[in-house]
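Colleague: Line order of the protein sequences matches chains A and B. Here the working numbering is used: position 372 in the first sequence is 390, and no number is missing along the way. Here the working numbering is used: position 389 in the second sequence is 407, and no number is missing along the way.
Each hint should be verified, as a subset may be incorrect.
To give an idea of the interface, some chain B residues facing chain A are shown, with a C-beta separation under 8 Å as derived from the structure [unchecked claim]:
| no. | residue |
| --- | --- |
| 1 | A91 |
| 2 | S102 |
| 3 | G138 |
| 4 | P142 |
| 5 | V143 |
| 6 | T245 |
| 7 | P317 |
| 8 | T321 |
| 9 | H324 |
| 10 | L334 |
| 11 | G338 |
| 12 | F344 |
| 13 | A346 |
| 14 | S403 |
| 15 | H408 |
Everything labelled a hint here was simulated from the structure, so no lab data went into it. Computed from a predicted model, the values in this text were never measured in an experiment. Built from N, CA and C at the ideal position, the CB exists for glycine as well.
There are 2 protein chains.
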Amino acid sequence: MIPLQDNALLPAGFRAAAVQCGIRPRRKRLDLGLVLADEACPAAAIYTTNMLQGAHIPVCREHLSRSGGMVRAVLVNSGNANCSTGQQGIEDNRTVCRALAERIGCAPEQVLFLSTGVIGARLPVEKVLEALPELLGQDAQQGASAFTQAIMTTDLVPKLVARSCADAKGRLFRVTGIAKGSGMIHPNMATMLSFLMTDAACELDMEQTLRRTADLSYHRLSVDGDTSPNDTVVLWTSRRTRIEPSTALPEALREISQDLARRIAVDGEGATRLVTVEVKGAPSEADAVHVGRTIATSPLTKTAVHGRDPNWGRILAAAGRSGIRFDAERARVWIGSSEVYSHGVPHPENENAAHLHMLNEKEVVLGIDLGAGPGEAQVWTCDFSADYVHINADYRS
Amino acid sequence: MIPLQDNALLPAGFRAAAVQCGIRPRRKRLDLGLVLADEACPAAAIYTTNMLQGAHIPVCREHLSRSGGMVRAVLVNSGNANCSTGQQGIEDNRTVCRALAERIGCAPEQVLFLSTGVIGARLPVEKVLEALPELLGQDAQQGASAFTQAIMTTDLVPKLVARSCADAKGRLFRVTGIAKGSGMIHPNMATMLSFLMTDAACELDMEQTLRRTADLSYHRLSVDGDTSPNDTVVLWTSRRTRIEPSTALPEALREISQDLARRIAVDGEGATRLVTVEVKGAPSEADAVHVGRTIATSPLTKTAVHGRDPNWGRILAAAGRSGIRFDAERARVWIGSSEVYSHGVPHPENENAAHLHMLNEKEVVLGIDLGAGPGEAQVWTCDFSADYVHINADYRS
Chain A
19 MIPLQDNALL PAGFRAAAVQ CGIRPRRKRL DLGLVLADEA CPAAAIYTTN
69 MLQGAHIPVC REHLSRSGGM VRAVLVNSGN ANCSTGQQGI EDNRTVCRAL
119 AERIGCAPEQ VLFLSTGVIG ARLPVEKVLE ALPELLGQDA QQGASAFTQA
169 IMTTDLVPKL VARSCADAKG RLFRVTGIAK GSGMIHPNMA TMLSFLMTDA
219 ACELDMEQTL RRTADLSYHR LSVDGDTSPN DTVVLWTSRR TRIEPSTALP
269 EALREISQDL ARRIAVDGEG ATRLVTVEVK GAPSEADAVH VGRTIATSPL
319 TKTAVHGRDP NWGRILAAAG RSGIRFDAER ARVWIGSSEV YSHGVPHPEN
369 ENAAHLHMLN EKEVVLGIDL GAGPGEAQVW TCDFSADYVH INADYRS
Chain B
19 MIPLQDNALL PAGFRAAAVQ CGIRPRRKRL DLGLVLADEA CPAAAIYTTN
69 MLQGAHIPVC REHLSRSGGM VRAVLVNSGN ANCSTGQQGI EDNRTVCRAL
119 AERIGCAPEQ VLFLSTGVIG ARLPVEKVLE ALPELLGQDA QQGASAFTQA
169 IMTTDLVPKL VARSCADAKG RLFRVTGIAK GSGMIHPNMA TMLSFLMTDA
219 ACELDMEQTL RRTADLSYHR LSVDGDTSPN DTVVLWTSRR TRIEPSTALP
269 EALREISQDL ARRIAVDGEG ATRLVTVEVK GAPSEADAVH VGRTIATSPL
319 TKTAVHGRDP NWGRILAAAG RSGIRFDAER ARVWIGSSEV YSHGVPHPEN
369 ENAAHLHMLN EKEVVLGIDL GAGPGEAQVW TCDFSADYVH INADYRS
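If we strip away everything but chain A, and leave its shape as in the complex, we get (with noise of 0.2 Å):
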């Protein structure tokens, strides 16, 4: 077994650790990561909305359902998506589940499987399987900081957040956030996983807890308007602290998704600024939201912030063909702290100070207010830069 070292970055009752297997063989890096629970413990999941689904995902709900939401074990392995690999890839995705269980002694049930890497291409079991002892052993590198090296695959920083929060009474729990995404996947797209960790037990329903999580941080992250087969957010607890049921919890797991969701963005590949969308004065949140993801996914305004380029006239056209109806001469655009456009009337005596902030600062604010409701809501890109296209252009040819 696991074991305790290494480990403080976990909630109680966690233990994680990580092997290189060699499902990359040209790349001496980890790519088998490990997290186990003490005992079997609540787990909910949220899965990409794709139609083309990665093998484990099916198996994933499957294995939620019949064990009734108490998950052991969750395995990653980077390198291979097991996606595209129709019937043999759920097959592969439950032989390691099986192998796995039988060595920490539960049920394959209990036993989560993800996989990120290149699709289209069969998951190299055996090499699975027989990493499964070193994995366990003292041999294996401990920790957290290990799974998360594991899972990446061409994400630049490793992404791990972990906090200690108070209930109402003052009594602590932790937190442990951690996630991959953004970087691309050779050959194909960039695959969004996050792992969400908590020793917190408190009378909340896990699913809804972690949808409300993901509409908050993840729901609002784009990159490239691009979604994977693989996406996968899932939030487990150890219950091992009782707390008061608060908004504590849930107030941590928003903040330390979104704070993953801008640490994915700004590792986007080729992006040289994290981008903050700010939207207000929509209908509705959801509009917001809309109006949000429509201006961080147009090429426009992407290789405008690129070119530290306070381009109000993109913002305004993005939010215009969004859909949601407003009145632009109603609106009002901000760079920065600068307004650049407020009913229908341009301010060019403030671009330089817009174009100051793009030049200056990491995090780039764009800001637009529709003067059509009270739904506001804040959205998380980076720039789009010729390195982007160098890097999903070049990889075969």
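Assemble chain B onto chain A, guided by the hints.
Modeller: Relative to the frame of chain A, chain B by itself:
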């Protein structure tokens, strides 16, 4: 009045001319174009769906409504979009319409005056007014080609298609289509303008015919997913040739508009390939268009084409996130004539042929059959190059 010379590319009853009025002082080129009908004759127009709309759009709507759809002159300037210019912009448009109407002897509402170019700057009305005598005189450059050049902004090539057609009884009529678009307009977004002129007179609902024509052509075109506040398509007939009610005119309009749409795509900034996305097996034609547009606007698909990478996973995943329901296990994907994925199984043995198609053909075909119904459609776009980013990022910084 415009002398009848070099107007051979236009249908009977139309003449065109262009001058350099100096809207772009640093660029010595034609920037004001006019098409004049011998007498006011039926026209219809459709406009951008963007909530931000250039000043010409409300005035065009009002003029067509007040004139009963009878138009004598279409005037177009490039270099200034007269957009985000408030009430002043609308007054400026009206001033020019009144001045031209007075000179040619018609009601102001029989004039349409369209603008394309930079947004957020006031139209230099005096320059336009001062240029009208020259535009109507012997010294203006004559003909459809001059008009086509005058409406270009960052287009690399003029886009004009003229054709003689025959109705079911062999009676000849003419259709001429002129378009500009896809090049971004410094410092703002692409504007697509198109003028479809014919001398055919038959019992067609003009606006309905124009909408169907655009649905089959311009609405299936994407360069970067952004729409402009000034997009406008005008259909105009001099009614000089009475033809039998038949499909000849709608078919000619469709073919010419599709030809122009493809020319716009291939003239996309930084583009090196025309991309035709073929969608089959969608639940409906509208669903097929929606899936095609999602593929055609995916940065991952477009960068893959630029890299000549037969990356079918990106095509399938873009379709998968379109919102149209289908079973990826029943889908097929092809590139050129090479099937690279079918029924859940990749065909890596065909990827080299697909790569060669992308490498050697100027028009790349990306196809997907969703296996979910009878709907099919083609959508046109271009590849996404680092030059696109440079052109759109490097304007003001």
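Colleague: Run every hint past the structure and note whether it holds.
Modeller: Quick rundown of the hints versus the structure:
1. A91: violated, 28 Å
2. S102: Hint on B:S102: holds, closest Cβ of chain A at ~6 Å, below 8 Å.
3. G138: Hint holds; B:G138 Cβ to chain A Cβ min 4 Å, cut 8 Å.
4. P142: The hint is violated - B:P142 has no Cβ within 8 Å of chain A, the shortest such distance being about 16 Å.
5. V143: At about 18 Å, which exceeds the 8 Å cut-off, the nearest Cβ of chain A leaves the hint on B:V143 violated.
6. T245: holds, 4 Å
7. P317: holds, 4 Å
8. T321: With a minimum Cβ separation of about 4 Å from chain A (threshold 8 Å), the hint on B:T321 holds.
9. H324: For B:H324, the interface hint holds, since the closest Cβ of chain A sits about 4 Å away, which is under 8 Å.
10. L334: Since the shortest Cβ distance to chain A is 5 Å, the answer is holds.
11. G338: This interface hint holds because 4 Å falls under the 8 Å limit.
12. F344: This hint holds: B:F344 lies near chain A, its Cβ roughly 6 Å from the closest one there, short of 8 Å.
13. A346: At about 4 Å, which falls below the 8 Å cut-off, the nearest Cβ of chain A leaves the hint on B:A346 intact, so it holds.
14. S403: Result: holds, 6 Å to nearest chain A Cβ.
15. H408: holds, 6 Å
Checked against the numbered hints given earlier, this structure breaks hints 1, 4 and 5; the rest are met.
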